[in-house]
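Knowing the structure of chain F, use the given hints to seat chain B on it.
From first to last, the protein sequence lines are chains F and B. If you count by my numbering, then the first sequence holds residues 229 to 349, one letter each, in order. If you count by my numbering, then the second sequence holds residues -5 to 167, one letter each, in order.
Source of the hints: derived by calculation from the structure; they are not laboratory data. Be aware that a few hints might be false.
Said to hold, decoys possible - Listed next, with one range per pair, are the computed distances between beta-carbon atoms:
(1) F/V253 <-> B/D25: 39 to 47 Å
(2) B/P4 <-> F/M229: 15 to 23 Å
(3) B/P113 <-> F/D268: 28 to 36 Å
(4) F/R234 <-> B/Q61: 31 to 39 Å
(5) F/G259 <-> B/L11: 49 to 57 Å
(6) B/P26 <-> F/G332: 36 to 44 Å
(7) B/E31 <-> F/A236: 29 to 37 Å
(8) F/A236 <-> B/P159: 46 to 54 Å
(9) F/Y275 <-> B/P113: 22 to 30 Å
(10) F/Q292 <-> B/V35: 22 to 30 Å
(11) B/G101 <-> F/Y275: 40 to 48 Å
(12) B/G33 <-> F/A262: 53 to 61 Å
Stated by the list, open to error - Computed far set for chain B versus chain F, every beta-carbon distance over 12 Å:
(13) D3
(14) D10
(15) R45
(16) L140
(17) A153
A virtual CB, placed ideally from N, CA and C, is assigned to each residue, including glycine.
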Amino acid sequence: MTPGDRRAAAASELKAARAALQLIVLLVDEGRAAFDESLDRRRHLAYLWIVAGSRLKNHGRVLQVARTGGEFSLAIGLRQKLAYSTPDKVDMGVLWRASRQNAGPLLQQVDEAISALAAEA
Amino acid sequence: MARYDMWFDPNDVGPDLTVECLISDGPRAGDPAFDPEVGDVVLVGHDEGERRRGRVIGRRGDHVWVQLELGGATAGVGPYDGGMTPPDRPSDEELQQAASLLGDLAGRHGLANLRLGDPGQLVVDVAEDRTYFDVVAFEDAVEATLGWRPDVIPSGAEAPNPRGPVTGASSAA
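Bound conformation, chain F alone (with noise of 0.2 Å):
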């Protein structure tokens, strides 16, 4: 894989993130009660939150850079637990101000990677 290459997978892998966290905003702004009568709504917002640090992980796979210590380590670290552990061990009052709190800055950082990844080529 050239370097191009890789900055094309990476990219990709940026922009597959970027679309989840854009719909973990949406949810977000539907607000609270929304989020807590609805079941489908909860899972849903757990599946982008794996879906966005699956891809944020693979970004990093692509790129050959540590996954620990990283500037998307932690929504990678929430991957993990969201997609290992059992439904009954996530609180989702905590998963619902992580999306409040963490998921527009992330986006923010997501964006200024993609754009400095354009930079480069």
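The following block gives chain B in isolation, referenced to the frame of chain F:
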């Protein structure tokens, strides 16, 4: 003490059972004594709880290529268990012995009231202004300090299964 030397991605294992690892991305990243050379036997593990023995077949700085061994006993880590035991989860005894440090690290991340959960798990109360990112950051800090990683379960989960406080006292029950 770390339960394995380097992390590997099971999706990247080649047909010759070779996988590329990064020293900087493993539990021994900060260990200056860890300097694998071609021919050395190492233990590699991954997120799904598997731990395997392998032989170093190449190295370039931080990058190490390891050829995995399949089956048989995993030297130095007890009988082979089919890869079902998470390699980096602590025992109750280890959690109790580290009670003071765990409490200190937890407090820095807005977590309190540490209790033993299911094996390898810690049940914690999460402050109202904290999120799962703080929970993960706490797990990272514990792993960086102690070489193992508890699975931290917020007490608001449906079934956190707390068994008793982490106080430094014996957990035998």
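Margin query: Holds or violated: the 28 to 36 Å window for the beta-carbon distance between B/P113 and F/D268?
Written below: The hint (28 to 36 Å, Cβ to Cβ) holds, given that B/P113 and F/D268 are roughly 32 Å apart.
Next item on the list: Can you let me know if the beta-carbon spacing of B/P26 and F/G332 is within 36 to 44 Å?
Entry: holds (40 Å)
Notebook entry, point to check: Falls inside 29 to 37 Å, the C-beta gap from B/E31 to F/A236?
Noted result: holds (35 Å)
Checklist line | Cβ separation of F/Y275 and B/P113, checked against the hinted range 22 to 30 Å | finding: holds (27 Å)
Check: Should the label of B/D3 as a non-interface residue stand, given a Cβ cut-off of 12 Å to chain F?
Finding: violated (6 Å)
Checklist line | Pairwise beta carbon distance, F/G259 to B/L11, judged against the given window 49 to 57 Å | finding: With a Cβ separation near 51 Å, F/G259 and B/L11 satisfy 49 to 57 Å, so the hint holds.
Next item on the list: Using the Cβ atoms, figure out if F/V253 sits within 39 to 47 Å of B/D25.
Entry: holds (40 Å)
Checklist line | Interface-negative label, B/R45 against chain F, beta-carbon threshold 12 Å | finding: holds (16 Å)
Checklist line | Claimed clearance of chain F by B/A153, with the beta carbon kept past 12 Å | finding: Label violated. Min Cβ-Cβ 4 Å, cutoff 12 Å.
Check: Holds or violated: 15 to 23 Å for the Cβ distance of B/P4 and F/M229?
Finding: Because 20 Å falls inside the window, the suggested range holds.
Next item on the list: Could you tell me whether the CB distance from F/R234 to B/Q61 stays inside 31 to 39 Å?
Entry: violated (24 Å)
Note to self: Range first: 53 to 61 Å. Now tell me if the beta carbons of B/G33 and F/A262 are that far apart.
What the structure shows: Since B/G33 and F/A262 have Cβ atoms about 59 Å apart, the given range 53 to 61 Å holds.
Hint violations for this structure: numbers 4, 11, 13, 17, all remaining hints satisfied.
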